[in-house]
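**Q** Read top to bottom, the protein sequences are chains A and B. Note that the first sequence ends on residue 147 in our numbering; no numbers are left out. Note that the second sequence ends on residue 117 in our numbering; no numbers are left out.
Hints are computed from structural coordinates only; laboratory data are not their basis. Mixed in with the good hints there might be a few duds.
Unchecked claim - To be clear about the criterion: a stretch of chain B counts as covered by chain A if any three or more of its residues have a C-beta under 8 Å from a C-beta of chain A, and this derived list gives those stretches:
hint, region
1, 33-40
2, 96-109
Claimed, not checked - The list that follows gives simulated cross-link-like pairs (lysine-lysine, DSS-like), each with its CA atoms no further than 30 Å apart:
hint, chain 1, residue 1, chain 2, residue 2
3, A, 31, A, 100
4, B, 105, A, 123
5, A, 100, B, 72
6, A, 33, A, 123
Don't be surprised by glycine CBs; every beta carbon is placed ideally from N, CA and C.
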Amino acid sequence: MKTLGVLISAGVTVAIIAVVAFFVPGDAMTKLKVATGYGALSIALFSGVLVLVSFAMGRIDIASLFTELGGGASLSRFQLFIFTIVVAMSLLIIVSVSQKLPEVPTGVLTLLGISATTYGVSKGIQAGTSLTKAPSQPEAAPEPPKG
Amino acid sequence: MSSLVMLASWSGLVLVAGFALGVLWRFVDGTIDLAELLDESVQDANGVAASWSWGRAQAFVVSLFATVFYVKQVAQDPTHFPEIPPVLLASVGASHAVYLGGKLKAALIGRARALNK
Numbered sequence: 001m002k003t004l005g006v007l008i009s010a011g012v013t014v015a016i017i018a019v020v021a022f023f024v025p026g027d028a029m030t031k032l033k034v035a036t037g038y039g040a041l042s043i044a045l046f047s048g049v050l051v052l053v054s055f056a057m058g059r060i061d062i063a064s065l066f067t068e069l070g071g072g073a074s075l076s077r078f079q080l081f082i083f084t085i086v087v088a089m090s091l092l093i094i095v096s097v098s099q100k101l102p103e104v105p106t107g108v109l110t111l112l113g114i115s116a117t118t119y120g121v122s123k124g125i126q127a128g129t130s131l132t133k134a135p136s137q138p139e140a141a142p143e144p145p146k147g
Numbered sequence: 001m002s003s004l005v006m007l008a009s010w011s012g013l014v015l016v017a018g019f020a021l022g023v024l025w026r027f028v029d030g031t032i033d034l035a036e037l038l039d040e041s042v043q044d045a046n047g048v049a050a051s052w053s054w055g056r057a058q059a060f061v062v063s064l065f066a067t068v069f070y071v072k073q074v075a076q077d078p079t080h081f082p083e084i085p086p087v088l089l090a091s092v093g094a095s096h097a098v099y100l101g102g103k104l105k106a107a108l109i110g111r112a113r114a115l116n117k
């Protein structure tokens with residue numbers, strides 16, 4: 001399935017480049033810019049779709065996406081995920097509305113920095129300690145030695 | 001080129017939203033378990049026990065407030081990134097510092113107990 005996806009992606013990209021080369025009006029440089037833009041977008045989009053499909057089919061397991069080293073859900077991972085998704089989506093919305101790359105204010109960068117730093121430090125604290133879960137059932141008695 | 005910009009931004013939005021929805025679905029069907037999100041794990045005589053953590057709870061509430069504030073600002077004016085007030089940034093920073101302090105304290109207590117065993 002992965003090979004098929006890659007082949008389809010490559011085929012569509014080549015088709016897009018061919019269409020641009022023959023049908024887009026303008027000089028060679030303009031055609032090259034447009035073809036490169038659409039070609040890169042095609043590759044990125046198909047790669048993203050392949051990942052999402054793998055995700056939906058369960059080939060990419062994210063069950064432990066928010067799990068801490070010793071078990072249990074990790075708040076630092078959760079808040080980093082939320083902030084990253086929210087800022088990424090807001091960037092894409094702003095680009096689609098304003099048709100240009102916006103200037104990123106210091107506040108947004110600071111917020112992302114705080115979030116990422118919290119995650120990093122939390123990971124460091126966990127790595128420095130080793131936690132073992134309390135047994136939920138009594139452990140089985142050891143077998144007597146044979147003979 | 002404007003059609004390329006529009007196509008690229010909408011494609012990105014669909015992919016990111018698709019990923020976020022996929023994760024949300026995993027929350028709903030129980031694949032991703034958030035059962036102990038607001039609990040802190042502390043080592044005791046029997047191993048590790050999870051108990052309610054005020055540090056985590058306040059960090060969660062402050063993060064949620066900051067997220068809602070940010071989304072509201074973007075919804076009101078989607079032409080540029082919102083300016084985040086320094087007070088909000090300081091609150092988020094302080095809140096996360098408290099959370100990390102609690103986590104470090106729990107880790108050190110656990111280590112001390114393990115050494116005293």
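**Q** State for each hint whether it applies.
**A** Results for each hint:
1. Check on the region 33-40 of chain B: 7 of its residues sit with their Cβ under 8 Å from a Cβ of chain A, so the three-residue criterion for coverage holds.
2. With 6 residues bearing a CB less than 8 Å from a CB of chain A, the region 96-109 of chain B meets the requirement of three and the coverage assertion stands.
3. In summary, the hint linking residue 31 of chain A to residue 100 of chain A is supported, as the alpha carbons are separated by about 21 Å, within the 30 Å threshold.
4. The suggested pairing of residue 105 of chain B with residue 123 of chain A holds, with an alpha-carbon distance near 14 Å, which does not exceed 30 Å.
5. Between residue 100 of chain A and residue 72 of chain B, the direct Cα distance comes to roughly 21 Å. Compliance with the 30 Å bound is thereby established for this hinted pair.
6. Only pairs whose Cα atoms come within 30 Å are accepted, and residue 33 of chain A paired with residue 123 of chain A is rejected, the gap being roughly 43 Å.
The structure fails to meet hint 6 from the earlier list, while all remaining hints are met.
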